[in-house]
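Put together the whole structure using the sequences plus the hints.
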Amino acid sequence: MNDGFGRELDYLRISVTDRCNLQCSYCIPQEEVHTIPYDEILTYDEIVRVVRILAKMGVTRLRLTGGEPLVRQDLPLLAERLKRIRGIEFLGLTTNGVLLEEMAEALFDAGVDGVNLNLDTAERYRYTQLTKRDEWPRVWRSIQKALSLPFRSVKINYVLAPDSKVDDWFSVVALAKDHPLDIRLIEWIPYADEYVKDGVLSDKAMQIIRKSYVPLTPLDVPGSSELSHYWKAKDFKGRIVLIPFTAASFVPPATACVSPPVDF
Amino acid sequence: MKLCLFSNRGISLKALLRGGVSDGEFVRVIEQAIRNKPENHLGRIIGTVPTTEGKAVDRACGMYRLQNP
Chain U
1 MNDGFGRELD
11 YLRISVTDRC
21 NLQCSYCIPQ
31 EEVHTIPYDE
41 ILTYDEIVRV
51 VRILAKMGVT
61 RLRLTGGEPL
71 VRQDLPLLAE
81 RLKRIRGIEF
91 LGLTTNGVLL
101 EEMAEALFDA
111 GVDGVNLNLD
121 TAERYRYTQL
131 TKRDEWPRVW
141 RSIQKALSLP
151 FRSVKINYVL
161 APDSKVDDWF
171 SVVALAKDHP
181 LDIRLIEWIP
191 YADEYVKDGV
201 LSDKAMQIIR
211 KSYVPLTPLD
221 VPGSSELSHY
231 WKAKDFKGRI
241 VLIPFTAASF
251 VPPATACVSP
261 PVDF
Chain F
1 MKLCLFSNRG
11 ISLKALLRGG
21 VSDGEFVRVI
31 EQAIRNKPEN
41 HLGRIIGTVP
51 TTEGKAVDRA
61 CGMYRLQNP
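As you go down the protein sequences, you meet chains U and F in turn.
By this note's numbering, the letter at position 152 of the first sequence is numbered 152, and the numbering carries on one by one without gaps.
By this note's numbering, the letter at position 31 of the second sequence is numbered 31, and the numbering carries on one by one without gaps.
If you are wondering where the hints come from, they were derived from the structure by calculation, not from laboratory data.
As the structure is a computational prediction, the values presented were derived from the model and not from experiment.
Among these hints, one or two may not hold up.
Unchecked claim - Derived pair list, reagent style DMTMM-like, types lysine to aspartate or glutamate, alpha-carbon separation capped at 20 Å:
1) Lys237(U) <-> Asp178(U)
2) Lys56(U) <-> Glu25(F)
3) Lys56(U) <-> Glu31(F)
Spelled out as structure tokens, the structure:
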């Protein structure tokens, strides 16, 4: 299935709910939150029908997102139905992790292949400050639970948003020291037409991390997307992955981050 | 269904599904929408990057998003 520019499209992200169990300042407005009435949200039967049709058109990879997908009731039942559809080769889940510890086994048994956890920090005080919920201990247990199961991948997503703090980057990167996690530093992209200001370019973030936190060396990961640049720190069990989006930060992996470190 | 990860524009599948659309008609609507998928996002994101196959793809727009509603 190709679009008008000849691009082959095989990936579908499914937002199963607009609701969330956190109140991140950049996402939830201060005033009253308006959620979509339940009867206006696609039912599981409707989602399955859409995916059956799109799978015949060439979609092979799915990702369940939200809102926070785990707040939708019986999500493992949907996962199981989607994974059984002919042609679906990969089913991923992106979650904030608050409910993952208690649901991880059911999701794995349902056929979820990989889990991505969105984090803005890995420090409890900052987590509570950013999300308005003191849920870091549960999220940490969820990460450990996910790692204990044979998922094909467990990744941490950290978005380099305009107001992100260097100490928060470091706290998230530190998770890769003792755990086999891919820490993905993803360049921020303004949603729809809501552009406000630039985020942090991934190569700049990498320069700061290399200079002020831990030395990193590039990794050649066969079969990985050319959009993902892998790095490794000595004695780290996990990897750091740069996901650049803007032209200014895109350089071939072999030449990335050779400019002098920036000061901050 | 949104045609770009970072766009609000798209088509309403709910109306089709609840209006009793056939699978064949559904496919035609999807194909039409895909033909109108934007080339890139806000004009700021890099337009293309070379792939190992020598093709060019837009990195931010190479995916769909099925968003409720």
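- request: Take a quick look at whether lysine 237(U) and aspartate 178(U) sit within 20 Å of each other, Cα to Cα.
  value: 6 Å, holds
task: Take the C-alpha atoms of lysine 56(U) and glutamate 25(F), compute the straight-line distance between them, and say whether it is at most 20 Å.
output: Distance of about 14 Å is within 20 Å: holds.
task: Decide if the proposed pair is consistent with the structure: lysine 56(U) and glutamate 31(F), CA atoms, cutoff 20 Å inclusive.
output: 12 Å, holds
Checked against the numbered hints given earlier, this structure breaks none of them.
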